[in-house]
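Based on the provided sequences and hints, a complete structural model is requested.
Read left to right, the sequence shown gives residues 1 to 289 (the UniProt record's numbering).
Hints may be right or wrong, so weigh each one.
[Unchecked claim] Straight-line Cα separation of at most 20 Å, EDC-like style, residue types lysine to aspartate or glutamate; simulated pairs:
| id | residue 1 | residue 2 |
| --- | --- | --- |
| 1 | LYS97 | GLU113 |
| 2 | LYS20 | GLU135 |
| 3 | LYS152 | ASP60 |
| 4 | LYS152 | GLU135 |
| 5 | LYS97 | ASP60 |
| 6 | LYS289 | ASP160 |
| 7 | LYS20 | ASP99 |
| 8 | LYS215 | ASP181 |
These aren't lab readings, by the way, just hints derived from the structure by calculation. Keep in mind it's a predicted model, so treat the numbers as computed, not measured.
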Amino acid sequence: MRSLALLSALALLSSAAATKYPLTVTDDLGRTVTLPGEPQRIIAMLPSHTETLVAIGAGDKLVAVDRFSNFPKNVTDRLPKVGSAYQPNLEAILALKPDLVLADESSGSRLTEKLAQAGLTVYGGSAQTYNEVFEKIGVLGKLTNHEAGALKLITSLRADLNALQQSVLGLPKVSTYYEVDPSPYSVGPDSFIGTLIAKAGGRTIVPARLGDFPKLDPELIVQANPQAMIGLSPDDARKRSGWANLQAVRTGRVFLPSAEERDALSRPGPRLPVALRALIRWLHPEALK
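Quick look at the structure:
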(Lines of atoms letter the chains of each structure in order from A and count residues from 1; the text may use other names and numbers.)
(Lines give C-alpha, C1' and ligand atoms only; values in the text may rest on other atoms or scores of the structure.)
Protein backbone atom coordinates (compact mmCIF):
# COMPACT_ATOMS: atom_id res chain seq x y z
CA MET A 1 0.00 0.00 0.00
CA ARG A 2 2.83 2.39 0.85
CA SER A 3 4.43 1.79 -2.58
CA LEU A 4 1.09 2.39 -4.28
CA ALA A 5 0.63 5.67 -2.40
CA LEU A 6 4.14 6.77 -3.33
CA LEU A 7 3.55 5.98 -7.00
CA SER A 8 0.28 7.90 -6.93
CA ALA A 9 1.99 10.89 -5.37
CA LEU A 10 4.76 10.83 -7.98
CA ALA A 11 2.19 10.65 -10.73
CA LEU A 12 0.43 13.71 -9.34
CA LEU A 13 3.68 15.63 -9.12
CA SER A 14 4.70 14.80 -12.65
CA SER A 15 1.30 15.90 -13.99
CA ALA A 16 1.42 19.32 -12.33
CA ALA A 17 1.38 21.70 -15.27
CA ALA A 18 2.65 25.24 -15.31
CA THR A 19 0.05 27.82 -14.31
CA LYS A 20 -1.51 29.58 -17.27
CA TYR A 21 -1.85 33.34 -17.06
CA PRO A 22 -3.85 35.49 -16.98
CA LEU A 23 -5.22 33.61 -13.98
CA THR A 24 -8.51 34.45 -12.27
CA VAL A 25 -9.42 33.05 -8.85
CA THR A 26 -12.00 33.81 -6.18
CA ASP A 27 -10.70 34.57 -2.70
CA ASP A 28 -12.35 33.89 0.67
CA LEU A 29 -14.19 37.22 0.54
CA GLY A 30 -15.84 36.22 -2.73
CA ARG A 31 -13.71 38.72 -4.65
CA THR A 32 -12.48 37.99 -8.17
CA VAL A 33 -8.69 38.29 -8.30
CA THR A 34 -6.90 38.31 -11.66
CA LEU A 35 -3.15 37.92 -12.14
CA PRO A 36 -2.05 39.04 -15.62
CA GLY A 37 1.22 37.13 -15.31
CA GLU A 38 3.34 35.13 -12.89
CA PRO A 39 3.88 37.31 -9.79
CA GLN A 40 7.51 38.26 -9.14
CA ARG A 41 7.12 40.62 -6.16
CA ILE A 42 4.95 39.18 -3.38
CA ILE A 43 4.18 40.56 0.07
CA ALA A 44 2.82 38.07 2.63
CA MET A 45 0.80 39.61 5.45
CA LEU A 46 0.33 36.36 7.38
CA PRO A 47 3.06 34.10 8.82
CA SER A 48 1.30 31.01 7.46
CA HIS A 49 1.46 32.43 3.93
CA THR A 50 5.15 33.28 4.38
CA GLU A 51 5.99 29.77 5.58
CA THR A 52 3.96 28.14 2.81
CA LEU A 53 5.59 30.17 0.04
CA VAL A 54 9.05 29.21 1.27
CA ALA A 55 8.07 25.55 1.64
CA ILE A 56 6.74 25.27 -1.93
CA GLY A 57 9.82 26.94 -3.41
CA ALA A 58 8.43 30.43 -3.98
CA GLY A 59 10.27 32.17 -1.16
CA ASP A 60 12.51 34.04 -3.61
CA LYS A 61 9.45 35.98 -4.79
CA LEU A 62 8.93 37.57 -1.37
CA VAL A 63 9.87 41.26 -1.13
CA ALA A 64 8.37 41.84 2.35
CA VAL A 65 6.43 40.10 5.12
CA ASP A 66 4.28 41.03 8.10
CA ARG A 67 5.96 41.75 11.43
CA PHE A 68 4.95 38.38 12.92
CA SER A 69 6.62 36.29 10.19
CA ASN A 70 9.71 34.81 11.85
CA PHE A 71 10.19 31.42 10.16
CA PRO A 72 12.30 30.28 8.47
CA LYS A 73 14.67 32.85 9.94
CA ASN A 74 17.16 32.71 7.07
CA VAL A 75 14.37 34.12 4.88
CA THR A 76 12.39 36.37 7.22
CA ASP A 77 15.42 38.04 8.82
CA ARG A 78 16.50 39.53 5.50
CA LEU A 79 13.07 40.83 4.45
CA PRO A 80 11.51 44.17 5.38
CA LYS A 81 8.57 44.02 7.80
CA VAL A 82 5.55 46.06 6.75
CA GLY A 83 3.28 45.97 9.79
CA SER A 84 0.44 43.59 10.47
CA ALA A 85 -3.14 42.94 9.44
CA TYR A 86 -4.47 45.48 11.93
CA GLN A 87 -1.59 47.94 11.60
CA PRO A 88 -0.25 47.70 8.03
CA ASN A 89 2.39 50.14 6.85
CA LEU A 90 0.57 51.06 3.65
CA GLU A 91 3.24 53.53 2.58
CA ALA A 92 5.98 50.90 2.81
CA ILE A 93 3.80 48.29 1.05
CA LEU A 94 3.06 50.63 -1.87
CA ALA A 95 6.73 51.68 -2.14
CA LEU A 96 7.75 48.04 -2.73
CA LYS A 97 5.47 47.83 -5.80
CA PRO A 98 4.19 44.28 -5.17
CA ASP A 99 2.34 42.53 -7.98
CA LEU A 100 0.56 40.32 -5.41
CA VAL A 101 -0.25 40.77 -1.73
CA LEU A 102 -1.44 37.80 0.33
CA ALA A 103 -3.72 38.99 3.12
CA ASP A 104 -6.43 37.63 5.39
CA GLU A 105 -10.18 37.65 4.94
CA SER A 106 -10.90 39.25 8.31
CA SER A 107 -13.72 41.78 8.31
CA GLY A 108 -12.21 43.10 11.52
CA SER A 109 -8.90 44.18 10.03
CA ARG A 110 -10.33 45.08 6.57
CA LEU A 111 -6.76 44.61 5.31
CA THR A 112 -7.74 43.19 1.92
CA GLU A 113 -10.15 46.07 1.35
CA LYS A 114 -7.55 48.69 2.32
CA LEU A 115 -4.89 47.25 0.05
CA ALA A 116 -7.28 46.81 -2.88
CA GLN A 117 -8.43 50.42 -2.53
CA ALA A 118 -4.77 51.43 -2.84
CA GLY A 119 -4.72 49.78 -6.27
CA LEU A 120 -2.91 46.56 -5.36
CA THR A 121 -3.70 43.01 -6.47
CA VAL A 122 -4.72 41.26 -3.25
CA TYR A 123 -5.75 37.70 -2.46
CA GLY A 124 -7.65 37.63 0.83
CA GLY A 125 -7.88 34.23 2.43
CA SER A 126 -6.48 31.90 5.08
CA ALA A 127 -7.15 28.39 6.36
CA GLN A 128 -9.51 28.00 9.30
CA THR A 129 -10.10 24.24 9.15
CA TYR A 130 -7.70 21.31 8.77
CA ASN A 131 -8.66 20.51 5.17
CA GLU A 132 -8.42 24.18 4.21
CA VAL A 133 -4.72 24.10 5.13
CA PHE A 134 -4.07 21.80 2.17
CA GLU A 135 -6.48 23.71 -0.06
CA LYS A 136 -4.65 26.97 0.64
CA ILE A 137 -1.27 25.38 -0.07
CA GLY A 138 -2.70 24.34 -3.44
CA VAL A 139 -4.04 27.86 -4.11
CA LEU A 140 -0.69 29.48 -3.31
CA GLY A 141 1.03 26.95 -5.57
CA LYS A 142 -1.31 27.87 -8.41
CA LEU A 143 -1.03 31.64 -7.88
CA THR A 144 2.78 31.52 -7.93
CA ASN A 145 3.31 28.88 -10.64
CA HIS A 146 4.62 26.41 -8.05
CA GLU A 147 1.95 23.72 -8.24
CA ALA A 148 4.50 20.90 -8.25
CA GLY A 149 6.07 22.28 -5.08
CA ALA A 150 2.64 22.58 -3.49
CA LEU A 151 1.73 18.98 -4.35
CA LYS A 152 5.05 17.76 -2.99
CA LEU A 153 4.48 19.64 0.27
CA ILE A 154 0.89 18.39 0.63
CA THR A 155 2.02 14.79 0.05
CA SER A 156 4.82 15.09 2.59
CA LEU A 157 2.62 16.74 5.21
CA ARG A 158 -0.13 14.15 4.92
CA ALA A 159 2.39 11.31 5.23
CA ASP A 160 3.99 12.82 8.36
CA LEU A 161 0.64 13.64 9.96
CA ASN A 162 -0.79 10.20 9.26
CA ALA A 163 2.27 8.51 10.75
CA LEU A 164 1.98 10.58 13.93
CA GLN A 165 -1.74 9.88 14.19
CA GLN A 166 -1.11 6.15 13.93
CA SER A 167 0.93 6.33 17.14
CA VAL A 168 -2.15 7.18 19.24
CA LEU A 169 -4.66 4.82 17.64
CA GLY A 170 -6.60 2.94 20.28
CA LEU A 171 -5.54 5.25 23.12
CA PRO A 172 -8.25 6.93 25.23
CA LYS A 173 -9.40 10.41 24.23
CA VAL A 174 -8.17 13.12 26.60
CA SER A 175 -10.64 15.97 27.17
CA THR A 176 -8.67 19.12 26.44
CA TYR A 177 -9.00 22.85 26.97
CA TYR A 178 -6.83 24.76 24.48
CA GLU A 179 -6.38 28.45 25.28
CA VAL A 180 -5.81 30.82 22.38
CA ASP A 181 -5.71 33.77 24.76
CA PRO A 182 -6.84 34.47 28.35
CA SER A 183 -10.13 36.18 27.34
CA PRO A 184 -10.65 33.14 27.15
CA TYR A 185 -10.73 32.25 23.46
CA SER A 186 -10.47 28.57 22.60
CA VAL A 187 -10.86 26.22 19.64
CA GLY A 188 -13.81 24.25 18.33
CA PRO A 189 -13.52 20.67 17.04
CA ASP A 190 -13.78 21.73 13.38
CA SER A 191 -10.94 24.28 13.53
CA PHE A 192 -7.52 23.14 12.34
CA ILE A 193 -6.25 23.16 15.95
CA GLY A 194 -9.29 21.23 17.14
CA THR A 195 -8.70 18.63 14.44
CA LEU A 196 -5.04 18.35 15.43
CA ILE A 197 -6.09 17.78 19.05
CA ALA A 198 -8.35 14.93 17.88
CA LYS A 199 -5.52 13.45 15.81
CA ALA A 200 -3.31 13.62 18.91
CA GLY A 201 -5.76 11.49 20.87
CA GLY A 202 -7.60 14.38 22.50
CA ARG A 203 -11.01 16.00 22.37
CA THR A 204 -11.58 19.72 22.74
CA ILE A 205 -14.16 20.61 25.39
CA VAL A 206 -15.70 23.23 23.06
CA PRO A 207 -18.97 22.18 21.37
CA ALA A 208 -18.96 22.53 17.57
CA ARG A 209 -22.00 24.81 17.73
CA LEU A 210 -19.85 27.56 19.28
CA GLY A 211 -17.70 27.83 16.14
CA ASP A 212 -14.03 27.42 15.32
CA PHE A 213 -12.43 30.02 17.61
CA PRO A 214 -15.06 31.07 20.17
CA LYS A 215 -14.83 33.20 23.27
CA LEU A 216 -15.93 30.98 26.16
CA ASP A 217 -17.86 31.55 29.33
CA PRO A 218 -15.29 30.54 32.01
CA GLU A 219 -18.05 28.54 33.70
CA LEU A 220 -18.13 26.20 30.67
CA ILE A 221 -14.49 25.34 31.30
CA VAL A 222 -15.15 24.63 34.98
CA GLN A 223 -18.15 22.45 34.17
CA ALA A 224 -16.21 20.53 31.49
CA ASN A 225 -13.42 19.78 34.00
CA PRO A 226 -10.82 18.97 31.30
CA GLN A 227 -8.16 16.33 31.80
CA ALA A 228 -5.53 18.51 30.09
CA MET A 229 -5.00 22.21 29.47
CA ILE A 230 -2.74 23.67 26.80
CA GLY A 231 -1.77 27.28 26.22
CA LEU A 232 -1.26 28.59 29.74
CA SER A 233 1.06 27.98 32.67
CA PRO A 234 0.19 25.86 35.72
CA ASP A 235 0.47 28.98 37.92
CA ASP A 236 -2.00 30.89 35.74
CA ALA A 237 -4.44 27.99 35.89
CA ARG A 238 -4.25 27.68 39.68
CA LYS A 239 -4.96 31.39 40.15
CA ARG A 240 -8.23 31.38 38.22
CA SER A 241 -11.50 31.21 40.07
CA GLY A 242 -12.69 27.63 40.53
CA TRP A 243 -9.80 26.07 38.62
CA ALA A 244 -7.63 24.77 41.48
CA ASN A 245 -9.62 21.53 41.73
CA LEU A 246 -9.96 20.84 38.02
CA GLN A 247 -8.53 17.49 36.87
CA ALA A 248 -5.84 19.04 34.68
CA VAL A 249 -4.59 21.31 37.47
CA ARG A 250 -4.65 18.63 40.18
CA THR A 251 -2.78 16.10 38.04
CA GLY A 252 -0.23 18.55 36.66
CA ARG A 253 -1.42 18.30 33.07
CA VAL A 254 -1.30 22.02 32.26
CA PHE A 255 1.14 22.79 29.46
CA LEU A 256 2.59 26.09 28.28
CA PRO A 257 3.99 25.73 24.74
CA SER A 258 7.35 27.22 23.87
CA ALA A 259 7.35 30.18 21.48
CA GLU A 260 8.23 27.85 18.59
CA GLU A 261 5.50 25.37 19.54
CA ARG A 262 2.88 28.10 19.85
CA ASP A 263 3.80 29.46 16.42
CA ALA A 264 3.50 25.99 14.90
CA LEU A 265 0.16 25.41 16.64
CA SER A 266 -1.33 28.76 15.61
CA ARG A 267 -0.23 28.81 11.96
CA PRO A 268 -2.17 26.69 9.47
CA GLY A 269 0.76 25.77 7.28
CA PRO A 270 3.83 23.58 6.75
CA ARG A 271 4.61 23.07 10.45
CA LEU A 272 1.45 21.11 11.28
CA PRO A 273 3.53 17.97 12.03
CA VAL A 274 5.55 19.97 14.60
CA ALA A 275 2.27 21.03 16.19
CA LEU A 276 0.83 17.50 16.19
CA ARG A 277 3.98 16.01 17.71
CA ALA A 278 3.83 18.58 20.53
CA LEU A 279 0.17 17.80 21.21
CA ILE A 280 0.87 14.06 21.34
CA ARG A 281 3.77 14.67 23.74
CA TRP A 282 1.40 16.47 26.11
CA LEU A 283 -1.69 14.28 25.73
CA HIS A 284 -0.12 10.85 25.17
CA PRO A 285 3.61 10.97 25.92
CA GLU A 286 3.70 7.18 25.99
CA ALA A 287 2.97 7.13 22.25
CA LEU A 288 6.29 8.76 21.35
CA LYS A 289 8.54 6.47 23.38
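Going through the hints against the structure:
1. LYS97 - GLU113: 17 Å, holds
2. LYS20 - GLU135: Cα-Cα ~19 Å, so holds.
3. LYS152 - ASP60: 18 Å, holds
4. LYS152 - GLU135: Distance ~13 Å between LYS152 and GLU135 Cα, so the pair holds.
5. LYS97 - ASP60: Holds, because 16 Å separates the two Cα atoms, which is no more than 20 Å.
6. LYS289 - ASP160: Judged against 20 Å, a Cα distance of about 17 Å means the pair holds.
7. LYS20 - ASP99: Roughly 16 Å separates the two Cα atoms, so the pair holds.
8. LYS215 - ASP181: 9 Å, holds
Against the hints set out earlier in the document, no violation occurs for any number.
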